[in-house]
Structures are given as C-alpha cells and as structure tokens.
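Engineer: Model the full assembly from the supplied sequences, consistent with the hints where possible.
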Amino acid sequence: MSRFPRLPAWPLTLKVPLLVAALMIAVAVIISQIVLTRLVKDQETNLTLLANAYLDGLSAAVLPAVIRGDVWETFDVLDRARGQYSGVEARYAIVELPDGSVLAASDPTSFPIHSPVPAELRSKFLNKDGLVINDDVGRAWLTRGLRAEGFSVGQILAEIDIASLLRIRSQVVLTLILVNGALAIAFSLIGYFAVKHMLQPLGVLSRYVERAREGRVEPIPERYRKKVASEFGQLFDRFNAMARAVSDRETLASHLAEQDKYAMLGRLASGMAHEVNNPLGGMMNAIDTIQSHSEDPEVLSKSLDFLKRGLAGIRNVVRAALVTYKGGSDTSLLTPTELDDLPFLVQHETGVRRLRLDWRNRVPEPLAIDGPAVRQITLNLLLNACAASPFGGAVAVEASRSDGALRIAVSDEGPGLPQDMAALLTSAGRIAAPSRESKGLGLWTTGNLIKRLNGVAAVERRETGTRIVVTLPVKTEAARHAA
Amino acid sequence: MIPAVSRRSILLGTAAASVSSILPAAGASEGFNFGLTPLFLDNDIELLAMVGRYLTKRLERPIALIKRRTYHEISAMLLSGQLDAAWICDDPYVQYQDKLALLAVPLYRHKPLYQTYVIVNDSNSAQSFDDIRGTVHAFSDPDSTSGYLVTRWMLALRQTTPALFFRDSFFTYGHRNVIRAVGAGLAQSGSIDGYVWEVMTEREPELVRRTRIVFKSEWLGFPPIVTPMVIRDMPAVKALGRGAARHAYRSARSKNSERVGARRIHYRNAGYVREH
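Quick mapping for you: the protein sequence lines, in order, are chains A and B.
Heads up: the first sequence runs through residues 1 to 483, numbered per this note's numbering.
Heads up: the second sequence runs through residues 1001 to 1276, numbered per this note's numbering.
Since the hints were made in silico from the structure, they are not lab data.
The reader is advised that the hints may include incorrect statements.
Chain B residues, not near chain A, derived (Cβ > 12 angstroms throughout) [what the hints assert, rightly or not]:
| id | residue |
| --- | --- |
| 1 | Ala-1126 |
| 2 | Ala-1156 |
| 3 | Gln-1188 |
Covered by chain B, per the in silico footprint, the following chain A stretches (three or more residues, Cβ under 8 angstroms) [unchecked claim]:
| id | region |
| --- | --- |
| 4 | 66–80 |
| 5 | 111–120 |
Incomplete in silico selection of chain B near chain A, CB under 10 angstroms [what the hints assert, rightly or not]:
| id | residue |
| --- | --- |
| 6 | Gly-1134 |
| 7 | Val-1136 |
| 8 | Phe-1170 |
| 9 | Phe-1171 |
| 10 | Thr-1172 |
| 11 | Tyr-1173 |
| 12 | Gly-1174 |
| 13 | Asn-1177 |
| 14 | Ala-1181 |
| 15 | Gly-1185 |
| 16 | Ala-1187 |
Here the structure is a predicted model, which is why all the values come from computation and not from measurement.
Even glycine gets a Cβ: it sits at the ideal position worked out from N, Cα and C.
Structural biologist: Take a look at the structure:
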C-alpha cells in the first residue's frame, strides 16, 4: 500500500509542475544522451583526424631515416615532434622495425633501441593502421605502417593521452546536468505559479458554491468575472444563472409556504370553529334549560357544569391557536404545556378521520430551545401524519429528552413517506424548494426549521406506516443563561 | 700581434676586415662563401643570422654562411673550390693538410687547444672509459676528432672496435645532438667536443645536467679556419686572416661586440689568434 496518495488525487498546482519537471528531466536525459553520443562520436572523429595528421607528419619525416635505419635521425624526428601537434598529447612514439625491434622511440629509456617491443604493449595496438581508444584508462593507441615502394619498412606505434577529451566530456556532462537541472527547477516553479494563477477562478467558484451549500446563494461579483479566462467566465456565468434561478425559486417557495401556512390556518380555523361550535349547541341548550328550569337546583347544577366543560373546551382550543399563531411566547424556551396544546389544534383532523392520537409528552421541564419552532415542527409532522393515516388509524407522538437533545417521534399508519418527500427532511444540505405543483411544502418548511435548529431527522419505514424521528440539540442551562 | 679573441669574435672579425676590395675573383667574385661545420651549434640560428648580417655589412658584399650536416660535406666543398674559407675540424685539416692553408686558430681558454670528452647518461654508473663497454654509444661525426677519432683511437689501443666494444653505436652529426642522445637515454655514452659541452653547460644546463663526463682526452689542436691552398695568397683571403685577427682584438673589447655577441660566456674564452 503506497504511503503516497494516488496521483489523480494530488492538486493540479503540484501535479503540473511535477509533470513539467518529469518532462524536463526526460527531455534533458534524452538530449544529454544525444549530445554525449554526438560528442563522443565527434571527439573520436576529431581524434582520428588529429591522430592521422600527427602520423602523416611523423611518418613523412621519419620515413627516410627509417629506410636508412638511422637511429639518431629517427629519434630526432620523434623527439622534435613532441608537443608540436596541438590536440595530440603523445605519451610516447615508437618506430618499430619489421622484425619487431625498436629503431628508436621518443622515450628511449623505456624503449631502448634494437630491443623488442614489449608483447603486453604490442597487444594494445592494432596489427594494421588504425586507432584503439580506451576511455577507461584515458588512452588511445595509434598504429601507422611505414611503406616505401610498396614494402613495409616499419611502423609507428604511439600512445595518446585522451584525458583532456574525457575531461571535456565530464565537463559537458556536468554542464548538462546543471543547466538542465536549473531549467527543470525553473520551469517547475513557473508551472507551479502559472497553474496556481490559472486555477484562482476555481477557488472563487468553490467559495461561492460552498456559500450556496450553506444557504447563501449569491452570484459571483462582476469584478471576478473580468479577470478570468473565457472558460472560467462561462462557468461563472452559468453559476450566476443557477444562483439566480435558485434564489427566484426560494423566493417563490417562501411565498408558497406562506400561502400554505395561511391555507393550513384556514383549515385549522374551520376546525376550531367546528370545535367551538359543537359545544355551543349543547351550551345554548343548557342555557335554555337554566332559563326554563332555574328553580331546579339539580338541573341548574348539571347545566352549569355542562356550560363550564363547554367553555373550558373552547378556552383550550382558543389558547392553543393563540399560542401557535399569535406568537409572543418566549423563543428561547419550550415549556411542556406548549407541546400539550397541540392535540387541541389537530382535534378536528383526528375527529373527522376518527384517528386515535397516542400523545406522550415526556418532557418534564422547560427546555432551552426555540419553542415556537419546535411547536411548528411537531404540528406540521402531526398534521402530515393525520393526513397520511387511513380512516380510523392511529397516530402516535412521543416527545422526550435524552443526552442534551429533544427527541420528537411521530408515527402513522399511512402508506409510507415517498423517498423524495423524506429527502426534504433528512437531507443534510440545502434542498431546492418543491415546485408549486408538487406537494411537500410543509415538509420542506419543516426540514428547513430542523436545519435551522441544527437538528437531524430520520425517517423509518415500518411494516405499516412511517415513523419520523427528529432530534434537536438543547442548549445547556449555562449556555442559556449566558445567551 | 696577439689580440684577445673568442671563436665567435673570429667569425665577426672575418667580416670586420675591410677586405671587400681585395677579395680574389677566384671562388667568390661576387661574394664570399664561408663554410661552417656542425661544430657551430645547430640551434644558434639567431647568432648565425647576426654573423651573416655583420659580415655582409663589413665586407660590403653578400656573405654566404654555408652549413652542412656533415664535416665531410664542408671538406668536400672546400676542396672543390665552392668555399673561400671554412671553419673545419682539425681531423679534416690534418687529412688534407697539403691542400688546405691555415688562416687562423681560435684560442680556447688562452690556448689553441681543446679536449675530447666521453660522457654518459647521468643515471649510468660508469666512472671511466672502460666502464662504457656494452653501452649504446653516440658519435658525433666520422670526420670529427673529438666526436669519433679519439674514441676510435682509445678502442684501437684496446685492440677493439666500436662494433665489438659497444652494444650499439650511431652518429648524430652534431655535438649538441650527442648531448641530446645521451641526455635522453637514446645512448648511454657519447663522444663530444669538450668545448661544446662546456658552452652547453651554461647555455642549456637542463640538457647537459643529464650527462656526466667519464673521460677527458689529452689536449688537441683546436679546429682551425682554413682556406684552399690554391687561393691562400689571394689578397682577400690573406686580408681576411689579418682582418679577423685585428678586428677580433678590437671587437672583443668593444661595446659593439658586446651588443652583437651578447653572450659574455664566449669572451670568457678569449685568447690569441696567430696569423698564419
């Protein structure tokens, strides 16, 4: 398993300079190889030419003396030739007679006259005219036959020091390494800064996309648009078009939600009117009874009790409506009573559909949380559950507190919450508002409220119906006081 | 008349003599051909040029300084009348004494004498002439007394020859070349003019330092300046001899000579010239 991340995962600002450096190194290696190969070839060609020039001069000068077997003249030529040929650093030159003995050598101490040429040395030279190069020891060995009228009268054997050529080679290698290394680093740096500069618009785009994810959909300002390349300009334009569309849609959704709210209010108001109207008939009868049987204390007492119960019911409904829609309650606190009022608001819904409401409020004390928002969330989910449940079905609501969080679970026996509707609640990110035609505005509003309170919602599909669990963080006591 | 003179001053002196109007027509009606053997150092091109210019100016006629590779060539040219005068080795003079007339003899260290040296490479262990047996030997010239004859005589005394005594031998045709050959190790021993070796110790000490003297001969007559016997009485030749002596005396002490020679070493050898 590699310790390094896969190459595609690396940032472009790193990848491009690395790629440039790798390409430069590859190019440098190839070019260096070509240059060196060419250099070696040229040096060998030049060495051959120089060696031939050297041998041409030497053989022409030495030939008459060799024909005469003149030791001194031969030595004189070899001795004078030393250092006379630029580019050829002869370590020694030997004139070998056909019988293999030395006529004379530039270094007579090492190669005395009329002594045989050492076999070990002889093996380094070609048996014909030519050049043997050994880079490892920095030497070249030249052979040039001396002929007169078609007869061989001897040959010149010379050892050339090619250390200077090898030194030039190593200098060229060093220069290539330094220059190419510097170029690779320079181009990599240029690549890094160029790519970094070119990718700046992506950073801007990324920032604005992140803002959109957080709920602040803003178009990218025109000042950025002017500075970027055309590709990014088009991208910015499309982003801005999208941002405007999202913004328009949200405005519309808010508007729709408001309308929905009023529609729901209307439904609640009619339900409330119904709830108020029901006891009113009985109560009117009770008043009539009191008027006609005022002398009967028992009838009077029963009628007054009936009136009292009727008025208490009306009072509960009115109070719940007041709390829910008039506001005025403390937004930093949720009392258990505020939740307990909710069944009164859905009394009409449950009554009409003959639903059984299993209401369990286990919140023992006021909680540091936005009360109206929690009531709105719970009411919406409850109304949704009532609407989803079949006639005569059961709806259960359970509110509890655990581990610093308020947990509200609403379950129904409906056909199950569709996936896209559930996503309105459970999605972590911001979700576009549903269109006017589609349903789900209530759930979308609820989802937004849950997110506003930094809560999460989970939708559990059960054998029959759905269970929605909303978990909302509750501020600690200390934090609440601080706030 | 015993003017102080060096060998080189003699050369200059030949030109200094105002002999242009009395030079014989024979051999050099237009100019004067003066022969030089390899005793004159091969590599002294600068001095040779100066001598040539000086003689030409003094004689008011072209002076040709004739150099040849071997002593024999100069001797042959002299005998065949191609040269008016020459500075030759004493051996050819003795050989052709009946055909050559002596004009002057340079003095070396106040005497008309010099020695033969036998030298060895400095790395050689030889200490005497007999120690050089079995070495490769470098001779100067077959017609040179110091460069060949003396060594042959030494070997003859030992009833042997170079081929038997030495492992190998060759001629270099120049005393300086003998030093080069022995110094470089081409030869382990060599026969040389003592005068040349001494001069070279000061002129090219690096070269001479690689050689060492193992034998010095008895004193020999110094190489003379000669003219063909047939023109010995020609006024020009006689005047040349006198002029050489006279001018040599003056030039040895003149600033001009100091300037031309510019090599004080040669004046250290100042001696006498005897007119023949």
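Engineer: For the hint on Phe-1171 of chain B, does the least C-beta distance to chain A fall short of 10 angstroms?
Structural biologist: 7 angstroms, holds
Engineer: Quick check on the hint: Gly-1174 of chain B CB to chain A CB, less than 10 angstroms?
Structural biologist: Cβ of Gly-1174 of chain B sits 9 angstroms from chain A, so the hint holds.
Engineer: Determine whether the non-interface label on Ala-1156 of chain B survives the test: each CB of chain A must be over 12 angstroms from its CB.
Structural biologist: 24 angstroms, holds
Engineer: Measuring from the C-beta of Gly-1185 of chain B to each C-beta in chain A, is the shortest one below 10 angstroms?
Structural biologist: OK, holds: Gly-1185 of chain B within 10 angstroms of chain A, min 4 angstroms.
Engineer: Hold the hint about Val-1136 of chain B up to the distance rule: shortest CB distance to chain A must be less than 10 angstroms.
Structural biologist: 6 angstroms, holds
Engineer: Is the interface hint for Ala-1181 of chain B satisfied, with its Cβ closer than 10 angstroms to some Cβ of chain A?
Structural biologist: 6 angstroms, holds
Engineer: Return the status of the interface hint for Phe-1170 of chain B: holds when the least beta-carbon distance to chain A is below 10 angstroms, violated otherwise.
Structural biologist: Since chain A brings a Cβ to about 4 angstroms from Phe-1170 of chain B, closer than 10 angstroms, the hint holds.
Engineer: Has the region 66–80 of chain A got at least three residues whose CB is nearer than 8 angstroms to a CB belonging to chain B?
Structural biologist: Coverage by chain B holds for the region 66–80 of chain A (6 residues, Cβ < 8 angstroms).
Engineer: Can you tell me if the region 111–120 of chain A counts as covered by chain B, using C-beta to C-beta distances under 8 angstroms and a minimum of three residues?
Structural biologist: holds (count 3)
Engineer: Go through the hint on Tyr-1173 of chain B and say holds or violated, using the shortest Cβ distance to chain A against 10 angstroms.
Structural biologist: 7 angstroms, holds
Engineer: For the restraint on Gly-1134 of chain B, tell me whether the closest CB of chain A is nearer than 10 angstroms.
Structural biologist: 12 angstroms, violated
Engineer: Report holds or violated for the interface hint on Asn-1177 of chain B, using the least CB-CB distance to chain A and a cut-off of 10 angstroms.
Structural biologist: 6 angstroms, holds
Violated hints for the displayed structure, listed by number in ascending order: 3 and 6.
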